[in-house]
Structure formats: structure tokens, C-alpha cells
Amino acid sequence: MSDVTADLVVIGSGPTGMAAACEARALGLSVVLLDEQTTIGGQIYRRIESAPSEIVHVLGKDYAAGQHLASEFCASGTRYIGGAVVWNVSTTGVVNYVANGGADEVVGKFVLLASGAMERPFPIVGWTLPGVMGAGAGQIMLKGSGGLPTDPVVLAGGGPLLYLLAWQYLRAGVRIEALVDTTPRSAYFRAARHMIGALKGWRDLLKGVKLIAAVRHHGVRVYSRARELSIVGETRAEGLKFQHRGKQVQVRASLILLHQGVVPNTQLSWSTGSEHRWDSDQLCWQPITDEAGRLGDTVLYVAGDSRRIVGANASAVQGRLAALAIGKQLGVSNDTTRRSAVLEGELERYTHIRPFLDALYRPCDENRVPPDQVLVCRCEEVTAEQLRKYVGLGCRGPNQTKAFGRCGMGPCQGRLCGLTVTEVIAEARGVGPSEVGYFRIRPPIKPLLLGDFAE
Amino acid sequence: MTVPEGINVAAALLAGGARDFRSSIVGQVSRAPYCMMGVCFECLVEIDGIPARQSCLIPVRDGMQIKRQLGAPELKVTNIGEGHE
Amino acid sequence: MSEDQLTVVGGGLVGAAIAYGAARRGVRVRILDQGDVAFRASRGNFGLVWLSSKGGGMPRYARWTRDAVRLWPELHQELLDLTDVDSGLQQTGGFWLGFSEQELQKRANLLAKIDREVGDIPFQMMEPSELKQYLPGIGPAVVGGSFGPHDGHVNPLMLLRALHAGLREKGADVVTGADIVELRHDGDSREFTIKARDGQSWKSDRLVLAAGLGIADLAGHVGLYAPITTTRGQVLITERLKPFLDYPTNKVRQTHEGSVQIGSTTEDVGFDDGTTVDKIEWLARRAVATFPTLGRARLVRAWGALRPLTPDSYPIYQGSASCPGAYVAICHSGVTLAAAHAFVIGPWMGGLTEAPPDFDAFRSDRFLDPNASFSHDH
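Protein chains in written order, with the working numbering: chain A, 81 to 535; chain B, 27 to 111; chain C, 13 to 390.
Please keep in mind that the hints were generated in silico from the structure rather than gathered at the bench. Any given hint could turn out to be false.
[What the hints assert, rightly or not] If you only want the chain A side, here are some residues facing chain C, beta carbon under 10 Å, derived:
(1) N168
(2) G490
(3) R522
(4) P527
(5) L528
(6) L529
These numbers come from a predicted model, not from an experiment. No residue lacks a Cβ here, since even glycine has one placed at the ideal position from N, Cα and C.
Start from the sequences, fold in the hints, and give me the full structure.
As C-alpha cells, this is what we get:
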């Protein structure tokens, strides 16, 4: 039992966490930041402090912009605890974690959950074979260690990260076997309805257009409006099969990077028992908070991508706004109205493009709700067919299917299967995902060794 | 194996050409990393005697012993008569 | 053969076993469950089929438990043959482990007393050297233990699935999403009317209230007294591990899938099924003290299980005097007693047989005696 207390405990060192810590420190609050990784930056700014300049160059300007925030954070006087696996957060601000093999605890007058996003699962036939990874994984390796594919790689799916990675790979000289784009024609029409917002966020729009143009210019073979994707291979990925212009195409590759957007990492927020809503635009669960990010009447706040997907820049601003709200609660003397107004303006600017992107890159039904033979729960190896059978036996939601078939009982604690389970059940029952609900998330938030609890 | 400093075990293994990391618990099929950020639990390997560790979260250290994780972790039970671990 | 319609309110372990027991004897059975199919109290059951130390304060209960565990293999096999669902019975004995001489002595005294009062409830006290032959992994903190040859464990969720599948095979009517709010008895027609919150209603000749945690109010509607409280037991479960524990202990057991279940606390917290950091830590430390090798096992989940508890912790099985044909059945050990619920209680409350001998001991009237005092014996 530790007696470390702080005005604010931040969980996560991505843009949200770093910015919130900086803002809180500027108000004179004491801040402790717990990070599962051992270096700051979260996922999007991985290794931001020490990435070699050639990698920074490959990654592009958006990544480089993170260095500014990282410097601010390092100078902020936040107490940083790396390698800390948070396993429980109470609604009263007690945060339990394990670091260096020992259990510890820190109490915050307020706690900010800033776990960011994770990649949406892409459950297609063969997705569990070695050689299939998320595009985010590819980017993490590039950032983390300059890791590049040595074998030809196929990128498949849709969404800004996919094209960004393609562009980064091309700059690094990687051979891209094919880019298989699943964005349907209808998505463009749907997105056009949000054109005004997109034009308001013209900087982001232009960035995207340039990216895609560059990828095509490099001569990468792009297959558009691809359908019925499946991974080919028995014990390893050997290629990707799909329907294109009415014909079946097969591209050989031993590395296939899939991507259909990112989703809020809601494990922490669910574990607190807080209410969440199903967002039918982003097709994911989002914690219900007030304007500043507060969960109900607890001392917990959520900001950034783990609240709803808004991107790195907007996440940082949300972190700052949460810090300001918390500062106000704690009665800091500074008048923050002007600062808030500036931040609100920034937030609006950074999120103009969101509805357009959400509509354009809305993941396709067939890539979210798989056919029978596809594994939904990777840990416990439960197929979509088995899930549907449990629904037929009377299971109405994920917790019942978990009781029946262990789906969600593995070490990932439902992270990789949760969304799919909800949607498969919803489709089988003919109701909306919000009626089906989500797994009941319990501590420990991440598995830890029983020996870590030793006195 | 020699790798750049700061790299995590999973990235090091992949860079070194390892294609599968473990055999799954239920079906004993080959598995390899999927997310590289600690949420998928596919990158599990035995490191320095401790089974089923998330290798994408662990920085490489000099002299590390890494083994494939075959199925469920095995707990070593001390022999009759010996003291505790 | 009775033509009566039996309705069982409550589709958890107790209700499903009783309903199955009646259905397999040809009774027309309908079972009403509140919401989902995954059953709250039943989900919290530890999974032990446990005779040892039961009924120290009520010999009739010790006898009831003894008979129940003897019937378990038959239930397991019958359900497996009928439904292909394996409840996973392993009944080759179980252990209680102690950490002090005082504890051991107390345990030995209790087990001896029960065997003396009831008969044929064998047990064996063991030193660590003998314990290690069965449980090689026990740690130095364990100073001894007791072995019960009739003890064992099952997978409680699979048992529930098996019972429900068995109900369907026997033609019973299984209704889910039925939140029962009112019961009525017509003295002339002797018929019961059961009403749900959403307006659905059913008629029945016989009625069993086995709704565990939700029962107290409903019982009153048909002249039954069911004073229960809820007790919370926090339980931990680890990742799947290769098999290393061949026998269950009452606090740590390795499931068929390989995960190790660690339990449990006994807390009076109302309907709060949450967990607490201090109890999770306490359970983890105790598990590691018992089996040091568990220090290397990963905890994957902790939960709070709510189970019904009567004032003396012993079951209530009672028929209504004012509304003949209505019964209440509540117990804490829905798994251990499952076979007895199926083979004995089902036919009784289904109208085919008389009450089992000396069953007055389980009437809830015992709690109305102003001279009696109760403590929880579990």
C-alpha cells in the first residue's frame, strides 16, 4: 500500500496523456503519469524521444509534430512511471498497478483515462494465421525499431492509416505487392454528405488526397472496392484472395497487413462500471461523459481516442480541456476561460473532417460480422458459427455466450473479440448492438502474476 | 542474435525471421503477433523461464533466453521434500 | 402418473435440476427464468461437489448431502447420454488444507462429530508428507489437511447447460425473459396464476419457487416464508495452465480447461457483485501460500458471486399450507445437491412422491421459533 497521492493521475502517455499532464502542471497541479510502455508517446508517437532522424523523415510531418509535445512533457515536472500495468481503477481515484514486479498503488483526486485507441479486429477467413497483422502493427514496428518488411507485403482494408503506412513504406523503399482497398462506391456518396465539414478541415483532406496520389504515383497495384477477402494458407499466410470487378483475384504474400480503422480502447472505462453508448457512425462503444470528459459523478475523466476516435491532435486538445476542468474542480486560481476558448476552437478545427472520414471509411459489414467458419475469439478459438449456435440456445448477450462457450475468457479479456461478438449476436437476434451490450469487464484490467501481489 | 537497442522481443524475433511464436492452447495451431501493442496476446513466448509473456511489451536484454510457447503455460512444481521456490 | 402442470420459477441450478427431475418422470413442466440464460447465482458457484464438513450444525443436512453426492455419478452420466453435454464430474476425492495446528484440530473434531452423528461420512486427516503424494505442489505454509473421498468438482456452467438441454429433451417448456412479479392461488380451482412484469401469465397446478436471490416477496404471495440474505463470494480465475492439480481443494481447484479457480470470501454487502482490491490481494496471497508455484500463474479475472443464504445457511424445502401445491426450494450449494434435487425433490414437488423422510428439518418455520438462534455454518 503506497501513500503516493496526486491531484491528477494520468493513465497513458500518448498525445492525450502528455498534453493533459502538461496542462495540469501549468496550473500547478501535482501529476503522476502511469505508462504501460517504458518510453513515452503511446502508439502514435512511439519512440518519439529517440527515433533516429531518418525514421522521423520516413514517418512524415504529423509524427514529427509529436516531438514538440514530448519536449513539453519532459519539462513539465510530471512524475512518470513507465512499465506500469494498471490493473484496477476505482471510481474514487485509487489506481492499482504493477511495476518492476511489485504491486503498488497511487491515489488521485482525479484520474484521467487516456488509453487511446486500438485497431479494430478484421475477422476474415484465415486472419489468425502467422503473417497476418494489423497495419497499425506494421507502423508500430516502423516507429519502434525502424522495422520494415523484408518480404513483399499486401496492405488490405481501408482508412487513413492504411494509406499513410503505404506512403511511409514507399518512402522507405519497401516493396508493396498490392493495396487492396475495400472502400465501396457507396461510401463516397455517403461521405459526400459531409463534404462541408471536410472542406472546413481542408488541411486534413488535402493531406489525405496527396497521400493517396503519391501511393498511386509510385505504381503500387491498387485494387479498389474489393470484397470477400480471405487469407490463403494452411499454417501460415501465403496470400490474400478477394473479389475484384466480378472476378476472383489472389495475390501472393507472406505478410498481409489488414486495417479497417481504429476504435476506442474502452477496457478501463468499462471496468469502472460506467455507462457506454453504441455509436452507429463509428460502430463502436463510447463511454458516456460530460463535455469535459467526466464519467458520471466519479473522479474519473476520459479523453482522446479512448473516448471517441478523434485523432492525435484533437486528442491532445481534449486532454488539455480535461485538465482545465479538473483544475477548476480543484479550485486553482487561474482564470482559464480564455485558454478554454482557444482550445475549444482548436478542437473544432481538428474535428471538422471526422464525420466525412467516419462515413467514407466506415468498415464494411462483411469485414465486421464474419461467416461461420471464422474465429471470433482468437484466445479461446471460438468461431462465429458457435456464437450463433449459443444465440439459438437462448443466449441474449456476450456474457451469456461467454458462459456457454468461453468466448472472451482468454488473456486478451475480450479486447480482440468484443466488438465482433456484440455485432454477431446483434445480427443473429435481429436487434441493434446497444440492446445486446458488451462483456462485463472485471479486474484485473490486464492479466498479472499472482506472485505480483506478494507483500 | 544481435539486435538494435531498445527493440522489443517480438519485433526482434520478427526481424530475425521468426514466423510463428507459439502454438495455441485449444487447437495447438501456429500463432504469431497481430497487434504489436499488447492487446492481442498472440506474441506470447517464454522469456528467461517465465512462460507466456507478451513479448511486444518487453525490451530485449543481453543474454535473454527465449523459447516458443507451446500451448498453455506449465507451472513447475517443486519435488517432494524440497523447500519452497 | 400425474397429469398436473408444474411450473418452476427460476432457471438456475436449483430450479433447472428440480424441473428436470420432474420432467424426466413424465410431469408436464414449464420453467420460467428471469432474463438471460446465464443465471446469476449459478454463475457464481465454485463448482465443488462437496460433502466434507457439511451439516455440522444440522445432521439432517449432512445426511441429505451425503445422499446427494452419492447420486451425482448417475446424474452426470444420464445428462451426458441424453444431451451430449458433459458437466465434467470428477469425483475422486477432495482436500481441505490448514495453516495452523489449531485449525487442523478444529477440523478433525468437526469431521469426526459429523461422521459420528450421521454415519458413513468418512474422512482422513493427513500430514504434509502424505498430502504431497496427492498434491505435490503444496507449500511449506500448509501444516496438514483433511481428505474426503466423496468430494469432487464439476463445471457449474456446463451442468446448467446440460440440465437445460435435458429439459428440452424431456419436452419441458423453457421460457426466458420472464420476470415474475405476482403469484395467485385460486382456492376453488386450486390453480395458480403466475404473472410476469411484461404482462405474460401462465396457469399451473403446482408451483416451485426456486428463484434464489429474488424469492422473498414472491414466496409471501403463496403463503411461504423465505427469509434469505445474499452473500458475496469473491473468486479469482487464472489463465489456462497445463494440468498440475489432480484433486480439488475447497479453496483452489484446477478446472478441466486448465484455469485455476481461487476462492472465496464471505461478505455481507447486499446486491453488490463487485470486487475489492484488498480481497483480491488476500485471495491471491492465500493461493500462493497454498501452492507457491501459482505465483507464476496469471490472474485473468476476478468477480463477485452473489448467492442466497438462509439464516442458518441450511436449505429451505417447504410446501405451502395455505396454497397446497406451492413449494419453495432455496439452498446455497446448488451444485453439490443437484442430483438430489433432480432425483428426489423433482418428483416430490412434481406431485409423484411424498416428501423425503424427516424433511421437516428444512421447513422455513424453523426461523420463526423465537427461542432459536442462528449462525452461518458454512
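Against the structure, the hints come out as follows:
{"no.": "1", "hint": "N168", "in the structure": "holds (6 Å)"}
{"no.": "2", "hint": "G490", "in the structure": "holds (8 Å)"}
{"no.": "3", "hint": "R522", "in the structure": "holds (5 Å)"}
{"no.": "4", "hint": "P527", "in the structure": "holds (4 Å)"}
{"no.": "5", "hint": "L528", "in the structure": "holds (6 Å)"}
{"no.": "6", "hint": "L529", "in the structure": "holds (6 Å)"}
Violated hints are absent here; each numbered hint is respected by the structure.
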